[in-house]
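Participant: Sequence:
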Amino acid sequence: MPQSPALRIGTFNARFLPHLVSNRRRARVLAERIAEYDYDIMVLTEVFSDRARRALLGRLSSRYRYIVQYVGSRRRLREDSGLMLLSKYPFEPLPRSTAYGRGRMRSSGCQGSGDRPAVWFVEYADCCCTDCFAGKGAAYVRLAVNCRPLHVFFTHMQAKYERYRTLQTEA
Numbered sequence: 706m707p708q709s710p711a712l713r714i715g716t717f718n719a720r721f722l723p724h725l726v727s728n729r730r731r732a733r734v735l736a737e738r739i740a741e742y743d744y745d746i747m748v749l750t751e752v753f754s755d756r757a758r759r760a761l762l763g764r765l766s767s768r769y770r771y772i773v774q775y776v777g778s779r780r781r782l783r784e785d786s787g788l789m790l791l792s793k794y795p796f797e798p799l800p801r802s803t804a805y806g807r808g809r810m811r812s813s814g815c816q817g818s819g820d821r822p823a824v825w826f827v828e829y830a831d832c833c834c835t836d837c838f839a840g841k842g843a844a845y846v847r848l849a850v851n852c853r854p855l856h857v858f859f860t861h862m863q864a865k866y867e868r869y870r871t872l873q874t875e876a
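Going letter by letter, the sequence shown gives residues 706 to 876 in our numbering.
Hint data in this document are derived by calculation from the structure and do not stem from the laboratory.
For each residue, glycine too, the CB sits at the ideal point set by N, CA and C.
Misleading hints may appear alongside valid ones.
Pair by pair, the computed Cβ-Cβ distance ranges are [what the hints assert, rightly or not]:
hint : residue 1 : residue 2 : range
1    : 835       : 755       : 14 to 22 Å
2    : 851       : 755       : 20 to 28 Å
3    : 763       : 800       : 28 to 36 Å
4    : 712       : 763       : 38 to 46 Å
5    : 833       : 770       : 36 to 44 Å
6    : 834       : 766       : 30 to 38 Å
7    : 731       : 798       : 32 to 40 Å
8    : 759       : 800       : 27 to 35 Å
9    : 764       : 800       : 31 to 39 Å
10   : 731       : 766       : 29 to 37 Å
11   : 729       : 852       : 14 to 22 Å
Assemble the whole structure, with the sequences as input and the hints as a guide.
Facilitator: Dropping the structure here:
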């Protein structure tokens, strides 16, 4: 049986923090680098800035048709998780046995099937300091890669204080 070509998967902490400085130029440069390296799947963390998110989508949505734009908290006065996923491969509905989070989500190509969503998110209950302003958690998608499922889990955890990262890992 012939081997499938290797997947190019990347992850990067974009550090697009909310309300600081204009991130448009950095978003443009990051989008150019992502396109240059031609990743099949790219996960970004700390995409808190809506302007930066729009700039990334404007430059990358023609290359990546399947996108998790954000997932996050339903709690008031909280940022979303800052997680973003770009994929060249389509999303598949998640298994019925998956316990779905009720976080808010925006995605393209992620309709799922009937009552079966294509993106799952669980928000961490434990946090410390300014990280508590973000709805940090773990997200899960299942992609159809060469007619086979690929399970992708992605997260962004507590910035400091190992005790809280440990609690998040155990969640």
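Participant: So, for every hint listed, does it hold in this structure?
Facilitator: Results of checking the hints against the structure:
1. 835 <-> 755: 14 to 22 Å: 19 Å, holds
2. 851 <-> 755: 20 to 28 Å: Since the Cβ atoms of residue 851 and residue 755 sit about 34 Å apart, the hinted range of 20 to 28 Å is violated.
3. 763 <-> 800: 28 to 36 Å: Check passed, 34 Å falls within 28 to 36 Å.
4. 712 <-> 763: 38 to 46 Å: Violated, at about 25 Å.
5. 833 <-> 770: 36 to 44 Å: 38 Å, holds
6. 834 <-> 766: 30 to 38 Å: 34 Å, holds
7. 731 <-> 798: 32 to 40 Å: 35 Å, holds
8. 759 <-> 800: 27 to 35 Å: Holds: the Cβ-Cβ distance is about 33 Å, inside 27 to 35 Å.
9. 764 <-> 800: 31 to 39 Å: Given range 31 to 39 Å: holds, Cβ gap about 33 Å.
10. 731 <-> 766: 29 to 37 Å: 18 Å, violated
11. 729 <-> 852: 14 to 22 Å: Given range 14 to 22 Å: violated, Cβ gap about 39 Å.
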